[in-house]
Amino acid sequence: MDAVIAVSNLVKRFGRFTALDRLDLRVEAGEVHGFLGPNGSGKSTTIRILLGLLRADAGDVSVLGRDPWRDAVRLHEHLAYVPGEVSLWPNLTGGEVIDLLARMRGGIDEARRAELLERFGLDPTKQCRSYSKGNRQKVALVAALSADVELLVLDEPTAGLDPIMAAEFQEVVREEVVQGRTVLLSSHILGEVESLCDRVSIIRDGRTVLAGRLRDLRGASRTAVSVRLARPDGLAELAGLRVLEEVDGEVRAEVETGRMSEVMAALAERGIESLAVHPPTLEELFLRNYDDPAGTRHETGRLASARGDQPA
Amino acid sequence: MRTSDGFVGTGALLRLALRRDRVRIPAWVLGVVGVLYFSAAAQAGLYQDQAQVDAYGRLVTQSSATVALAGPATGLDSLRGIVMYETYLTVICAICILAVLMVSRHTRAEEESGRTELVRATEVGRHAGAAAALIATGSTCLLIGSGMALVLPWTPLTVRDSLVYGAAMACLGIFMAALTLCLAQVFVHARTVSGAGLAVFLVFYVVRAVGDVRDDATVWFSPIGWAQATRIPTEDRPWPVLLLLLGAAALLVIAVRLAERRDFAAGLLPSRPGPARAARSLSGPVGLAWRQQRGGLLAWSAALGLLGVLIGTLGTSMQDMVRDNPALAAYLAATGGASMIDAYQATFTLVIALTIAGYGIWAAGRVLTEETAGRTALVCAGPVGRVRSTLSDLAVAGGGVLVLLLVAGLGSGLSYATVVGDTSQGLQISFAPLVYLPAIAVLVGVLVLAYGWAPRWTWVGWLVLAFEAVIGWLGGVLDLPEWVYRFSVFDHAPRYPAEALSATPLVAMTAVAALLLAAGLVGLRRRDLR
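First to last, the protein sequences are chains A and B. Our numbering puts the first residue of the first sequence at 1, with every later residue one more than the last. Our numbering puts the first residue of the second sequence at 313, with every later residue one more than the last.
Calculated from the structure, these hints are not laboratory results. A couple of the hints might just be wrong.
What the hints assert, rightly or not - From the derived model, a few chain A residues whose C-beta atoms are all more than 12 Å from chain B: (1) ALA6; (2) GLY65; (3) LEU75; (4) GLU85; (5) THR93; (6) PRO124; (7) ARG174; (8) VAL225; (9) VAL251.
To be verified - So the derived list for chain B, only partly shown, Cβ under 7 Å to chain A, looks like this: (10) ALA356; (11) HIS501; (12) PRO585; (13) GLY586; (14) PRO587; (15) ALA588; (16) ARG589; (17) LEU594; (18) SER595; (19) GLY670; (20) ARG687; (21) PRO695; (22) VAL696.
These figures come from a predicted structure and were not determined experimentally. C-beta: ideal position from N, C-alpha, C; glycine also.
Excised from the complex, chain B in its bound form (with noise of 0.2 Å):
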């Protein structure tokens, strides 16, 4: 078969890849330039006068650590580029992240579940469903691009600023989406090649870390590095926008080899054999709710110790930083905390908190999932009554939370402890994240409701955090009527260190998070399981 004969029908499977997207897509690029457009004009008030972006510039230029986490700290004397600084993190993520699930989910995925078979017996040839999975990505990058470049030239950023800014970004996403592109060859299921993508990012982004603060070369070993090597707005150079395009099609031109190498639903690498028995630990339903999350709690734990122990390291500094500016240290302390110090550790543990609540939506939602798929009903067709193998997999969820809660503290605790030497600041630091715990399981149990009595309505959990997401995160800059502040939970929960420890609000969290569980069981008793 002629290579140019493997794409007939890339058109068909676009159309299709697209209308099963047609939620996801949308809400992918609304979602990243939404935030982007909002934290990034929440920092044109931050600072008043040039002063004030000088500190910020010192802070930055000092501390190596936010250097790994953001960036090139370059044009940090303006605005523009204490924005660009303040957004690289969470745009790289994003598309990066965007660009590996949703290759990996139209090719691999789609082969794995027997779909493409289908397709692939009709006139299609054999490189027309990666085609399209490709071009559907990659005009999804196109157009968080193209939304960036439109709403960035409202905030500090200037016209041409934005342009390259969506530029880089889009086409780092296209890089990644080629790479994932070969790595779903490569290997047989869609869990791997998302998770080898994701991987492989990890390191392009480590290898970037490690030449931004040594400031050397390392940067160019990292496609990461190319798309911030355009330096925006120091040195404006948009030619390395090109590296990556070049970078995509040589991936292109790879993966279309490999392509060509293998047997249909068959990979590069075979996959291994596993063991023939369970291990002791596999032997009822808490014991399957721990197999099936702890591969993700481990990664969880990883990212949020990592993130901790930044965010312990920065605290010096930022002490620094806050005295220096008053707009930003009324920013933190909205609440009115004590001192700058507590105030900042405050504002940080609240959004590691709600970070969380994610991964306890997340792992509580496996509830359904479970249940779709059929294998609940597997499970308590044996003698294993329903609310028990509900409760095993809330319970191995909350044990989650609450060891995440942990790590992110310590992380940040000890770290502050080791680098400013007060223990006793560091061990208030370490255990402040547990005071959300109650407003976390508030937010599960919203979602066990939903689960109990309209399974349908699970996702409402994501909606709750959404919610509390907004609040926490941008709350002090939206200037919202003060009622909306009320239905906000975490709202609710003392901002320690900056606020005094009061029991009440906790143990109303504790007993609200009981009832909801309770009620959410009750409906589970009495409905069909799917």
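Bound conformation, chain A alone (with noise of 0.2 Å):
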């Protein structure tokens, strides 16, 4: 089957300011895919165009096979959104929101509202502006998730729940997928994106940085590893390891991808007292990403291979 969100070479400028440059971005059916980046690289704005809110200046995008800015209502048809910064109408309750969103979808599965509508424990009698900004997300997450669609997108949205409902909220994306649908998760809680996703693309400034199967990039990516050494010798000139620091004897380091045993023959011939490897995190992955600009063409270079291995 052919990818549900496929994107290739999207830019989008706003007057002069280039939100994005040339961003590449495909999603599997039936995949959890998370869609990771810093505020302001662009995650809202590629969203919206998915969702034919926003008009792209160039490239090519499509969403369950359709051309989102020219077949939007058809679209939309299939696919339901929670955006990141809920505003909803003040003085409608929240259960009439829920209606309302899913009356204009062509009905609601009633026993799948009522069952969210206790998962999430809220209150569907309070008036909208009444509400927190967790509430409101939970009135978005009821009507997007109660209703019958292929693919969701969502925004960021746990971004005002407590950690019980944002386990309820993954405990519920789960479902949904068992359920064979797609969901594109844009979020910036790395453990709720390791734990859910299958595969993920981070951007920056717009364009993407890295993409892949999680495993895949762990893999692909430098581990750290610590040692305790009986000769902690000529340790700076070894080949794939690059010595971070070395505190009372321990040392730590990062081993360079595919080099792994090499160093460890290395590491062995100078005794090693006690040794713990690390892969990386995602937070790693992401930050080493964003952290240092000396280190993005580094690491870029070295995405290109992670993003070959993804299946295409």
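Can you join these two chains into the complex? Each is in its own frame, and there are hints to help.
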């Protein structure tokens, strides 16, 4: 089957500011795709183009096989959206908004609606003007998750939720995927992305800098080791190893991709007393791409290979 | 916490409030004082001799409707009295509405938005925000009062008249501001606060009207009655103004006590729960637009229906007065009408139509408000196109305009038919406002065109309305060059019933409105949605 979302070389300018600069994004059917990037990197702009709210300046965009700008209405019959900043009609109650949004879509799954209200602990009789950010988000979530659609587009859906509700949300998303739905999840909560997502795309300044299976990305990245050696000499000259710091004989370093056995052999010669190896967490992957500007070039080159690994 | 500590930081918050309202405050002051000056000055030209002034006095004392609307019928044997009588309604409404909205905006709206929380976490006392709001609002009222005192001596009023008039109105504004401050402690939402404030204002106005019509002490139960009890120019006693200030001080003490009893962001009255399920009518963009606009439409219908009834009952006495005053007759018949009563009705129909155009611009302007708030995106992320969503809002706004034109027309037509017993004329009056439907549609069309192509410029709808209002209201007095009138859409509509109905301008306006609308929608389809 074709990709649910296929975006290539997407460009969007607001006046002189280039928000998206040849961005690529590919989401396969049935997966939960994590969409990461710091504030202002263009996540919400991308999502709004996917919904046909904004018009792309250049590039190809296809969602569920349609052009979202030309075919927005028919496309929207098959997707549901939770915006990052949920703004509701202040004089309607949460229950009324859920019903309204569902009816505009053509109907509502009553059982699912009741169940989600219960699980998210949302009082539907309150006027929307009195809801907190988290509760407004729950209204949008209940409306979106009780819809019978193929694709869920969620823009930082848990930013205002407490940890218990965020866990409930993860549970619900897993159920949605079992139902065969596809989810595009933009989020800052990396733990959530790690536990939910099959693949991720990380963007920076409107460009995709990292995309692929989380497992492959980890494999393709430097691995952190901390080691205590009997004879810690000549480590600085050791190829494939980059020493970060040395405290009381404990060396923290990074091993380059693909040179693990070579490095391990060299370390073993120096008498390993203790050794810990950590594959990079998503957080490390994420920070490495943003922390030091100098490291970017270095990392981007490596990304190309990571992207090559992904199933086409 | 001691009460005095509660006011720490008032100065900084006051500067913030003034900075936020740096356009709004001058606009209100210039608007109110300007309109007042022009309408007061215009009165001077209408009465050539004492006989005409007396005729006006006779008319007013006969008609309880105008007394109810304007105030005590005193001093109407002089032009000064007439100027006061003719301008009361405008100033009182303007300054009270200003006070209510401004206090509510700077207190509850801020608290509701969460911005107050940010401010209050710093070294700022509990009452500082309220104090700053009150000082900013009170200063604006004082500016309006001072403006009146400065400008009105150039009309038939004397310097002393102007001073007392200005002081009375400024203090009335301050009283309403203090009252709104109390309401802001009671209710949680800014909209409820301003709604309650305006409702109390209406009650005050009705109490005052009853007192003035019965000519008894009932007026003293209303602060508006106190402001008018200065009775310039006949008795000229400024002391009732002090009552307003004392009342305001008492209300402030109450507001401080109430504020000390409540939690932050809470009210003294909790908000009630609403329905958990949507009614069947709330199932699409049209139902949503109706739900958003129905409250406003209801209030406008009530107000315009009442205005229509007043105008209708005034018709007969007006006929006598116009017979006695050729200058007034000429003003009313500026476009050269048939009978005087027709000319009078045609003029009032124009005023009603302009007011309803204001509703139309407000209701249609919601398309921008909804988009800016991000709610249009929520609707359009479902299977609802942006054109359909916008057309739904516009259709409900248009329906509202139609309803208001009918309500105002029927109000004045039916009451005229009842009072005069002339059914055919009454019928004519009932449907006269409908003549302006195409003109209003053109104004809304301009707004939609701007919204579709350059949403930031949606306010030009209000600009066009302001132009139409100046031409329609003061066009006869201002003596502008002929070509200016050609730009006025309303000027092209037949002044029914003074003029015969002609289809050509109406059809042309409808076509222009349709074109503007279509062009706007084309723009909307092409642009980014916020």
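- Message: Checking each numbered hint in turn, tell me which of them this model violates, lowest number first.
- Response: 3, 4, 5, 6, 10 and 19
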